[in-house]
Amino acid sequence: MSENTTAASLAAAVRGGDRSAVEVVEECLAAIDAGDRALHAFLTVTAEAARAAAAEIDQRVAAGDDPGPLAGVPVALKDNMCTRGVATTCGSRILEGWCPPYDATVVERLAAAGAIVVGKTNLDEFAMGSSTENSAFGPSRNPRDTSRVPGGSSGGSAAAVAAGFVPLALGSDTGGSIRQPAALCGVVGMKPTYGRVSRSGLVAFASSLDQIGPLTATVADAALLFEVIAGHDPLDSTSIPEPVPEVGAHLDDGVEGLRVGLVTELLGEGIAPDVAVRTRAAADALEEAGAKVEEVAVPAAVYGLSAYYLIAPAEASSNLARFDGVRYGLRVDAPTTQEMMVATRTKGFGPEVKRRIMLGTYALSAGYYDAYYGKAQRVRTLIADDFAAAYERVDVLLAPTSPTTAFPLGDKTADPMAMYMNDVCTIPSSLSGDPAVSVPFGTGDDGLPVGVQVMAPALAEIDLFRAAAALEASAPR
Amino acid sequence: MIEGWETVIGLEVHAELATATKMFSGAPNRFGSEPNTDIDAVTLGLPGSLPVLNEKAVELAIRLGVALGCEIRPSIFARKNYFYPDMPKDFQISQYDQPINVDGFLELPSGKRVGIERAHLEEDTGKSTHVGGAGRITGADHSLVDYNRAGVPLLEIVSRPDLRSAEEARQYVAELRAVLVATGVSDGKMEEGSMRVDANVSVRPAGSDTLGTRCEIKNLNSLRSLGRAVEYEALRQVDLLDGGERVRQETRHWGEADGRTHAMRSKEEAEDYRYFPEPDLVPLAPDDEWVGRIRASMPVLPAERRARLAAAAGVSLPHEGVAVIVGRGQDSQALAAMEGGADPARVLVHVEQNLAVEGGAALEPGRLVALIDLETSGALTATQAKAVLAEMLATDAGAAEIAAARGYEAMDPNALAAALDGVIAAHPEEWEGFRTGDDKAKGKLTGFFVGQVMRATQGKADGRAVTALLRDRAAG
Numbered sequence: 019m020s021e022n023t024t025a026a027s028l029a030a031a032v033r034g035g036d037r038s039a040v041e042v043v044e045e046c047l048a049a050i051d052a053g054d055r056a057l058h059a060f061l062t063v064t065a066e067a068a069r070a071a072a073a074e075i076d077q078r079v080a081a082g083d084d085p086g087p088l089a090g091v092p093v094a095l096k097d098n099m100c101t102r103g104v105a106t107t108c109g110s111r112i113l114e115g116w117c118p119p120y121d122a123t124v125v126e127r128l129a130a131a132g133a134i135v136v137g138k139t140n141l142d143e144f145a146m147g148s149s150t151e152n153s154a155f156g157p158s159r160n161p162r163d164t165s166r167v168p169g170g171s172s173g174g175s176a177a178a179v180a181a182g183f184v185p186l187a188l189g190s191d192t193g194g195s196i197r198q199p200a201a202l203c204g205v206v207g208m209k210p211t212y213g214r215v216s217r218s219g220l221v222a223f224a225s226s227l228d229q230i231g232p233l234t235a236t237v238a239d240a241a242l243l244f245e246v247i248a249g250h251d252p253l254d255s256t257s258i259p260e261p262v263p264e265v266g267a268h269l270d271d272g273v274e275g276l277r278v279g280l281v282t283e284l285l286g287e288g289i290a291p292d293v294a295v296r297t298r299a300a301a302d303a304l305e306e307a308g309a310k311v312e313e314v315a316v317p318a319a320v321y322g323l324s325a326y327y328l329i330a331p332a333e334a335s336s337n338l339a340r341f342d343g344v345r346y347g348l349r350v351d352a353p354t355t356q357e358m359m360v361a362t363r364t365k366g367f368g369p370e371v372k373r374r375i376m377l378g379t380y381a382l383s384a385g386y387y388d389a390y391y392g393k394a395q396r397v398r399t400l401i402a403d404d405f406a407a408a409y410e411r412v413d414v415l416l417a418p419t420s421p422t423t424a425f426p427l428g429d430k431t432a433d434p435m436a437m438y439m440n441d442v443c444t445i446p447s448s449l450s451g452d453p454a455v456s457v458p459f460g461t462g463d464d465g466l467p468v469g470v471q472v473m474a475p476a477l478a479e480i481d482l483f484r485a486a487a488a489l490e491a492s493a494p495r
Numbered sequence: 011m012i013e014g015w016e017t018v019i020g021l022e023v024h025a026e027l028a029t030a031t032k033m034f035s036g037a038p039n040r041f042g043s044e045p046n047t048d049i050d051a052v053t054l055g056l057p058g059s060l061p062v063l064n065e066k067a068v069e070l071a072i073r074l075g076v077a078l079g080c081e082i083r084p085s086i087f088a089r090k091n092y093f094y095p096d097m098p099k100d101f102q103i104s105q106y107d108q109p110i111n112v113d114g115f116l117e118l119p120s121g122k123r124v125g126i127e128r129a130h131l132e133e134d135t136g137k138s139t140h141v142g143g144a145g146r147i148t149g150a151d152h153s154l155v156d157y158n159r160a161g162v163p164l165l166e167i168v169s170r171p172d173l174r175s176a177e178e179a180r181q182y183v184a185e186l187r188a189v190l191v192a193t194g195v196s197d198g199k200m201e202e203g204s205m206r207v208d209a210n211v212s213v214r215p216a217g218s219d220t221l222g223t224r225c226e227i228k229n230l231n232s233l234r235s236l237g238r239a240v241e242y243e244a245l246r247q248v249d250l251l252d253g254g255e256r257v258r259q260e261t262r263h264w265g266e267a268d269g270r271t272h273a274m275r276s277k278e279e280a281e282d283y284r285y286f287p288e289p290d291l292v293p294l295a296p297d298d299e300w301v302g303r304i305r306a307s308m309p310v311l312p313a314e315r316r317a318r319l320a321a322a323a324g325v326s327l328p329h330e331g332v333a334v335i336v337g338r339g340q341d342s343q344a345l346a347a348m349e350g351g352a353d354p355a356r357v358l359v360h361v362e363q364n365l366a367v368e369g370g371a372a373l374e375p376g377r378l379v380a381l382i383d384l385e386t387s388g389a390l391t392a393t394q395a396k397a398v399l400a401e402m403l404a405t406d407a408g409a410a411e412i413a414a415a416r417g418y419e420a421m422d423p424n425a426l427a428a429a430l431d432g433v434i435a436a437h438p439e440e441w442e443g444f445r446t447g448d449d450k451a452k453g454k455l456t457g458f459f460v461g462q463v464m465r466a467t468q469g470k471a472d473g474r475a476v477t478a479l480l481r482d483r484a485a486g
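As given, the protein sequences belong to chains V and E, one line each in that order.
Throughout the first sequence, residue numbering follows the numbering used here, covering 19 to 495 in sequence.
Throughout the second sequence, residue numbering follows the numbering used here, covering 11 to 486 in sequence.
Hint data in this document are derived by calculation from the structure and do not stem from the laboratory.
Honestly, I wouldn't trust all of these hints.
Stated by the list, open to error - Listed next, the stretches of chain E that the computed footprint assigns to chain V, with coverage defined by at least 3 CB atoms under 8 Å from CB atoms of chain V:
no., stretch
1, 51-59
2, 146-154
What the hints assert, rightly or not - Short derived list, chain E residues pointing at chain V, Cβ under 8 Å:
no., residue
3, Phe93
4, Pro95
5, Phe101
6, Asp290
7, Leu291
8, Val292
These figures come from a predicted structure and were not determined experimentally.
No residue lacks a Cβ here, since even glycine has one placed at the ideal position from N, Cα and C.
Put together the whole structure using the sequences plus the hints.
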């Protein structure tokens, strides 16, 4: 992405009256029109609403108003964020035809910052998956190689940014759903500290893990978008009542003296050698830039995947109960209420969603709760403790984002466990609630992008962005 | 009471809290609106909506906890998962293993203390109406759901199995209602469903201290049905046991029409609610300062009000009249009259019996004092005082004015003495009996002479004056 197509430069041009928001949005819509048939990044393009919003931005600029830090910048939303009057499908048949009567808090904050929503992006159904192949509306494709998946579940948002359709997109991350597709598509993807960004209006997958975050072409744009969407929201009880850190102001601070830990457990078995090589190269680059690098152990991290696949499905089994055909979305008629509910859910949910509902229901069942859900929660505590111990020695941690580069469509659809392994590096910081970001760092042996993940303690987004900016600056071109 | 058996009852009372808005959203909490108008995204559980705890609901929960002498603890919310159309999210947010209030008690007017196991917060469900069939969801043509009630804050107040009769169960609910109303926690209107009762009933041989198998009885919409259902259920269980059968632990439905309890359609397996901590809410840990402020703002509760009134009246508890007066909230009226100098015994009688009518509670205590003073000075008989009091409620006139208008003037002492002497002269045998008899005989004949004097004076005589005069004459 060239310098003048970043969100920061577009907003500056629109605010300064050098470019019109309408023109910016028209270019964006034209790019989607021309390129998205091949990628299927978008489920809905809100062209008319975007044009109207852009015209309003231009009027405000003309009238001497400042529409905000994202004035006229096109943004794409993962289709699990509620948009007033615009279909919000979660990539599922069960929500077909449902238009929320409200905007998610992040959508309101984008509008207040002058951003223009141009559409809703594809995702694995209810954000459950790592390839977007679980979308009821067909998969998205990776702009770097259309025979490959873009990752998931925020694959549509990652692809939209990687293809240059939009400079900014929002994704949601439950176990890696922002970071993994960012890595596979060669863009920046950041998961904030749990509670930093409001979940109000985000259709829940696993409430204790879900977090909205930016997918962007540059670290600076991720910082800009993070500052716009973050901050306390009284509508979300788990929202953190702390001021938003000014991460953008620290991007040029450098990493002199920053203590960086390479996570031992995430560099061995299961990680493709070319990805491990790139990750070590990233550590070297940070060291070159003045950071102090060492290897640190996060022993419990290896149990993250197992714990995650009990906790997330357990919460999902409860969160998705409401899709019963009674009040909204799909209803398959049947002679009795119970049969109607069963028929609706049988037809409305895809196989991966059903698999996780069954897993989660089982994990919470009487007699199994302690052995599964209870134990998984204890593992979660253990992982958080291990991270806390590591963060006594280092400021940030470094690891691969995804164990491999983008894989071909269909490669793992028959093997759920192989698909789940995609999240092995991202899940630990999801369970601990800490912030993490994936930054592109060169390519693998197949020429496809490799993402390196920086992790930081809760609320330490400034250090996170400092390290990310340094990585971006030293990444191989 | 069933000969040789003891009935053991524990009650679960659901009380709707008197908040302006719902437990987890700003939708109004009120009764009687058009169906599906007091709703919002959270009430309907729309995708993306999140619960935000109503601070007022927590405050009211703490108020009840304080009133019941509970330990108020840090607590969490859990999800109780089951599919039902009137539950918008198909799970109910409730407190499960860590409730806000535990280990309290409620003191009944009889002086008995009933243990409170817990009083926890939860949200109400909507209301289903099943059209066609038997009015149950099974076999209905279609069902209508009204979500106005969904999300209304509730306290579930669980007693220990300390109650021993239907009457005691009724007293418990009546007293709990009085506490809920006095503290402003709930309006306590059973007829509007603000208070709903489930009863756990078991029986055991008298003298046994092990609990029998219990049945939970639902659909108890009034104190009357509670009492009838408990009585019926205890008999049913005793019949089973007497017949050599066992009581099955089950949920039963009270049939108001046939006066029986019926086993609810038994499920193949027990419901598994898959409780787990509600991840959309944070733990609730009321700080001591807040609890302290609530404690300081507590009204005087019925048990203490009964004690105060009894002390002022010089009677001992339990006391029926005191309980009735406090139950009706007329204790402050009675206390004011006593402080005004009125005879406490007469105050209790008038407030309990003669001010139970509409407008009775509004009678200014000073007017009651004036009336009772006339009565105790002998200017009015008890019968006359009652009639004057009834008229005082309808007019602004004072007791003396009404008495005068009615011609209720105290008899001239000389006229009274003449009347008594006439009666004595006419009944020499009785007089001799009175004069020479023991206390028992004197007591009996006092009634005779007072009655005769009343007859002779057309009820104008004051009984107490006659009694005093009679004693004078006998001593004289």
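**Message:** E:Val292 was flagged as interface toward chain V. Is the shortest Cβ-Cβ separation under 8 Å?
**Reply:** It holds, given that the least Cβ distance between E:Val292 and chain V is near 6 Å, below 8 Å.
**Request:** Report holds or violated for chain V covering the stretch 51-59 of chain E, Cβ cut-off 8 Å, minimum 3 residues.
**Result:** holds (count 7)
**Item:** chain V contact restraint on E:Pro95 - CB to CB distance below 8 Å
**Value:** Cβ of E:Pro95 sits 5 Å from chain V, so the hint holds.
**Asked** Given E:Phe93 as an interface hint, is the shortest Cβ-Cβ distance to chain V below 8 Å?
**Response** holds (6 Å)
**Prompt:** Within the assertion that chain V covers the stretch 146-154 of chain E, do at least three residues meet a Cβ-to-Cβ distance smaller than 8 Å?
**Reply:** holds (count 3)
**Prompt:** Quick one, is the E:Leu291 hint okay against chain V at 8 Å, beta carbons?
**Reply:** The hint holds - E:Leu291 has a Cβ within 8 Å of chain V, the shortest such distance being about 5 Å.
**Request:** Have a go at the E:Asp290 hint: is there a Cβ in chain V nearer than 8 Å to its own Cβ?
**Result:** Hint holds; E:Asp290 Cβ to chain V Cβ min 5 Å, cut 8 Å.
**Asked** Should the hint that E:Phe101 touches chain V count as held when the rule is a Cβ pair under 8 Å?
**Response** holds (5 Å)
Checked against the numbered hints given earlier, the structure satisfies every one of them.
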